[in-house]
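Following the hints, position chain B against chain A.
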Amino acid sequence: MSDTLVSEVRPLTPWQTVGPFFHYALPWEGGENLLREGVQGERIIIRGRVLDAMDQPVSDAMVEIWQASSSGRYDHPEDNRTEVPADPAFIGFGRCPTNEDGVFTFHTVRPGPVPGPGNTEQAPHIAIGLFGRGLLRRLVTRLYFPESEANAHDPILDLVGPERADTLIAKRDEENSGVPTYWFDIHIQGENETVFFDV
Amino acid sequence: MPMRPPVTMPCTTPFASIPVRSVAVKTVRSKKEKTMDVLQYSPQALSEPPSFAPGYVSTVARSPRKPLVRIPQTLTEVTGPADFGERLLRAPVHDMTQEGKGEPLGERIIVSGRVLDDRGHPVPNTVVEVWQCNSAGRYVHKKDQHDAPLDPNFTGQGRVVTDEEGRYRFVTIKPGAYPWRNHYNAWRPAHIHFSLFGPCFATRLITQMYFPGDPLIDIDPIACAVPSEARNRMVSRFDIDTTENEWALGYVFDIVLRGRNATPMENPQ
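Chains A and B are the protein sequences, given in the same order.
According to the numbering used here, the first sequence is numbered sequentially starting from 1469.
According to the numbering used here, the second sequence is numbered sequentially starting from 11.
This is chain B alone, in the form it adopts within the complex:
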């Protein structure tokens, strides 16, 4: 679906052209004289989409119209919730098929991958929260009125923490497609919601993982708010190596978060 360009694209302004004064963070000041802080994370603009994408009707009244104000990352933005041990969020759930008294209906799958920064460094010990509808396309949510059955053995929520190499893995049921009221005959492609923190406030990411070969992806206004090349980064791939014999298909979904030093921050002299 061709999307109109957003009214304002403040995020896409090249960083170097913004007249921001010195952004050296006090506690991590560079040793190089007259060098701006190099410990900034790569620009958010690199992770499309814009807030305003009128094909997704709800964005029309829920997107800012004034330009975002570009600010340097300070100690506030380069710190963030980091220790998810037992102090934050809910208990880990690695196997979403074991939450009920019996096996949920649908196709059992294994979703795994790595969380990396944009230089390819693993992002270890970060929480990955996931949620989804069941195999019939119905969420365990009081406001989901889709005429499809709930599954008493499937809730569809989990969370795992990446290991030292940024790897994560969980077992679930392949979600179904479901209708929504964005436009006539609108259907969401099958997807799993992902919520990640990364090392700090600036690296937060919420995205959706899609499945390869799904014909609904390219006619879905939410997926299509992202240009096609970038859209493909949200599509998992079938993987025979993580598929388990006589048990479950494997899908791999690697996630790339903003990393440091991706943008040179030398002060234009």
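Chain A on its own, in the form it takes in the complex:
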């Protein structure tokens, strides 16, 4: 980075915690339900717990998700691929506060694969942002699907490496025979600490 470049750049506004008292301001009714009338694709449920270093549930956290549509298209001007159909009924953003048991739930559709760096393709995944009391900045992670063969060639899982990649793979809840349900516990710290990304 050249000195000239540095001098042109304005310093960023720093992060601060969302604190414990965001519930009456940030969550909105239906924020955890990404399904709208006419949405295309397979409906799924994403559910998990947020856990601290002692595996205690974090009941004052907030989870945000961002994902592509079932065809693998993002609802954003940056994704201008005309060859991939957009789903006007799907935005792909959700927000859910954790409950007293540290649990969050989203109703959404299974995302399609999206392009990765270079000529790679990314396996279907959901980007996750975690906020909460005691979290000075957002923690970013990803959810991948256990049955997806594309995981083996995903460029981001490849960067994570085999030792910790399993912290990013959701578990299929076999007991729920209705809508496919995936469990994704987020371990902020500890033996099973989830991989968090610097993006």
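Bear in mind the hints are in silico, worked out from the structure with no lab data behind them.
In this text, all values refer to a predicted model and were calculated from it rather than measured experimentally.
It is possible that part of the hints are untrue.
Below 25 Å or equal to it, Euclidean Cα-Cα: the simulated SDA-like pairs (lysine to any residue) are [to be verified]:
id, chain 1, residue 1, chain 2, residue 2
1, B, LYS76, A, PRO1581
2, B, LYS184, A, ARG1601
3, B, LYS76, B, PRO237
4, B, LYS184, A, PRO1488
Residues of chain A placed beyond 12 Å of chain B at every Cβ, according to the derived structure [as the list claims (entries may be wrong)]:
id, residue
5, ASP1528
6, ASP1569
7, THR1573
8, PRO1614
9, GLU1615
10, GLU1617
11, ARG1632
12, ARG1640
13, GLU1642
14, ASN1644
15, SER1645
16, PRO1648
17, THR1649
18, TRP1651
19, GLY1658
Even glycine gets a Cβ: it sits at the ideal position worked out from N, Cα and C.
Quick look at chain B alone, frame taken from chain A:
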């Protein structure tokens, strides 16, 4: 308050030293041959603080201990919720003093500013969500047990969308300081919470705006998790030009989000 350096500072590793392979995003591939993607946003590391700041006790069990994994921004990170029209979030609230049947108690203020990226370009049409306690230092939240009165005419939440030049403005009541149980005699400086999206997933920001001259700022573990120079960027300034005659004081708070092309992404040959 002097802060211990974090155990790991993976975010501060200079980007160029990380052996990441080509990060050109397929759909926005650079025309320059052998040039890595230049459409990445500036590193998150530039927006302190670390996740682990032991003066803020809750971070001890709620911060990762393993290094963050540095990944290139892909189409996932350079896209994000963008159209806040009527499809996402709650209804706009520009004037938080008009939410009840009467006027809330306290000092009416006008908070305004611009949302910019780190090159000074305005960030238009992005939502700014704000929330705060009332003038007595009490939140409308069932878990806030501070022995201070609730104000039936004040909720303390709002959201506005920036205009084409990145400007926002809202009217509220100056929040009070309040105690918390982080340590003996701990008091949060008066602050307003801000939540912003910017153009994509990578530019998300949640911060707190403080007020000039507040003696609590420099003894507050949350504000002090940020080094002093950067901490000052979270302090609004009193502004006579946005102050309205015989009505309300004006405070200006400009917010700088990660921008593009701030970091050269040339592939070291």
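Hints, one by one, checked against the model:
1. Restraint check: the Cα-Cα separation between LYS76(B) and PRO1581(A) comes to about 28 Å, which exceeds 25 Å; the hinted pair is violated.
2. Between the alpha carbons of LYS184(B) and ARG1601(A) the distance comes to roughly 23 Å, so the proposed pair stays at or under 25 Å and holds.
3. Of the pairs offered as hints, the one joining LYS76(B) and PRO237(B) holds, with about 22 Å between alpha carbons and a cut-off of 25 Å not exceeded.
4. The hinted pair formed by LYS184(B) and PRO1488(A) meets the criterion: a straight-line CA distance of about 20 Å does not exceed 25 Å.
5. With 12 Å as the threshold on Cβ separation, the claim that ASP1528(A) sits away from chain B is violated: the shortest Cβ distance comes to roughly 8 Å.
6. Interface exclusion of ASP1569(A) from chain B stands, the closest Cβ pair being 16 Å apart, more than 12 Å.
7. Once the 12 Å rule is applied to beta carbons, THR1573(A) is consistent with being away from chain B; the minimum gap is 18 Å.
8. Interface exclusion of PRO1614(A) from chain B stands, the closest Cβ pair being 19 Å apart, more than 12 Å.
9. At roughly 20 Å from the closest C-beta of chain B, the C-beta of GLU1615(A) stays outside 12 Å, upholding its exclusion from the interface.
10. With a closest Cβ-Cβ approach of about 19 Å to chain B, GLU1617(A) is found to remain outside the 12 Å limit, as its non-interface label requires.
11. For ARG1632(A), the condition that its CB be more than 12 Å from all CB atoms of chain B is violated, with the nearest at approximately 8 Å.
12. For ARG1640(A), the shortest C-beta to C-beta distance to chain B comes to about 22 Å, beyond the 12 Å cut-off, and the non-interface label holds.
13. The claim that GLU1642(A) is not at the interface with chain B holds, since no C-beta of that chain comes within 12 Å of its own (minimum 28 Å).
14. Even its closest Cβ contact with chain B, about 27 Å, leaves ASN1644(A) beyond 12 Å, as expected for a residue assigned away from the interface.
15. Listed as a non-interface residue, SER1645(A) keeps its Cβ farther than 12 Å from every Cβ of chain B; the least gap is roughly 31 Å.
16. For PRO1648(A), the condition that its CB be more than 12 Å from all CB atoms of chain B holds, with the nearest at approximately 21 Å.
17. With a least CB separation of 23 Å from chain B, THR1649(A) remains clear of the 12 Å interface cut-off, as annotated.
18. Non-interface status of TRP1651(A) relative to chain B is upheld: no Cβ of that chain comes within 12 Å, the nearest being about 20 Å off.
19. Remark: the non-interface label on GLY1658(A) conflicts with the geometry, its nearest Cβ contact in chain B lying 8 Å away (cut-off 12 Å).
The structure shown violates the earlier hints numbered 1, 5, 11 and 19.
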